[in-house]
Amino acid sequence: MLTKRIIACMDIADGRVKKGTNFKNLHDAGDPVELGKLYSDNGIDELIFLDVMAIVENRNTLLELVSRVAKEINIPFAVGGGVKTIEDIRNLLNAGADKISIGSTSVTDPDFVNKATKEFGSQCIIISVDPKKEGGSWKIYINGGRERTNLDAIEFCKDMEQRGAGELLVNSLDRDGTNEGYDIKLLKAISEVTNLPIIASSGAGKKEDFLKVFKKTDISAALAASLFHYKKLEIKDLKKYLINNEINIRL
Amino acid sequence: MIAIIKYNAGNTASVANALEKFGYKYEITDDKEKILKANKVIFPGQGRAKPAMEDLKTKGLDKVMKQIKQPFLGICLGTQLLLPHSQEDNTKCFGIIKGEVKRFSDDEKIPQIGWNNLKLTQQNPLFDGIGDENYVYFVNSYYVETDDKNTLATYKYGNISAAGVIQKDNFYGTQFHPEKSGKIGLKILENFLKL
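Order-wise, the sequence lines are chains L and H.
Residues in the first sequence are numbered from 296 upward in steps of one, following the numbering used here.
Residues in the second sequence are numbered from 120 upward in steps of one, following the numbering used here.
Hints are supplied without guarantee of correctness; some may be wrong.
Derived DSS-like pairs (lysine-lysine); straight-line CA-CA distance at most 25 Å [what the hints assert, rightly or not]:
# : chain 1 : residue 1 : chain 2 : residue 2
1 : H       : 125       : H       : 140
2 : L       : 511       : H       : 302
3 : L       : 410       : H       : 211
4 : H       : 302       : L       : 413
5 : H       : 302       : L       : 531
6 : H       : 140       : L       : 413
7 : H       : 144       : L       : 413
In short, the hints are calculated from the structure, not lab data.
Construct all of the structure, not just a fragment, from the sequences and the given hints.
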């Protein structure tokens, strides 16, 4: 039986792992290669590497980092940040990434999602969305949460499935960095309209938050960053806790 | 020398990283002679059946496949292409191992992405030192259906029990990614390299 996944996310800027609140005030949280290996050794199910400053940084730095991390780990490794072209994807895959996360470009150039999945297969393409609540619905934001669009988040996710996306990484601008728990309502609303595996992101503050999201929704994976970086939660303890609470998890 | 077949659907970096860890010499190649002369052949795969088969045909590698006598390991799509036909884009494949490649039911989340337990159904040197029901990493929307004789291990997704490892003569195939499956995956790769 397929297990639920626990994913560690590393937000990268200036070649280091960073973490802030609501995508702002980034603090240093360590060396990506060391952290990646540590998480892999401790039983994390997957790593995601997001280059949060990709737009202003030199991309070769990222490729070199991806390659160094990939050599140290042999678990699934997704990479994203500023991916705009088929060539960007090919370069990241050649550097050792297994999956590519597409963010803003899926909004500004949705046809790119069709092209990318046609070229590399659905399984390779994760669409990362940054919704923010407005009244009774959620709007999609782009450029690291800096820019609002008029797109409805639920409709947007449906559209991405139609275009061939393989997975949805659902952030929440309302919850990111708050440690108040995942946005269950948002995740439920999206999983009701799509058949794609969903990765819940933003808001995890304690192990109970993981249990709640797996019990209350049918999402496939839960992601956290600062919780692991600052060792507020040990991966093995979290996994044991979830297994003891009847969640199907790989130990 | 280990030949890793180079084509448009191969995600070769992870396999190459794993071989480097073991200290094996390898070459990522689409050269027919080099492939046929290699000690082992690894056929990784990520992507879609149709463009993959088309690229292999363009490179003339479709004819080379059946001539390979050394131990051969297909991975993921590389395994599915060993069957005669895939429902993915209605694609004719190599037909080295009989059966069919089918799409998972829409009742399940597609693709299957994640760690699933592998039930060993036959003893094989590939599983030396590997216990039953270990978790390995899968990413697939389509699955292999073949007969019990060619099935070395199975996994369950929804109501379907599908072939996780297949074999006929020198041809082995894993539906999961051994190069991405932690220590267990590396052990399976290592066992293959020792065949």
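Hint compliance check: list the failing hint numbers for this structure, sorted ascending. Numbers 2, 4, 6, 7 - these are the hints that the structure violates, sorted from lowest upward.
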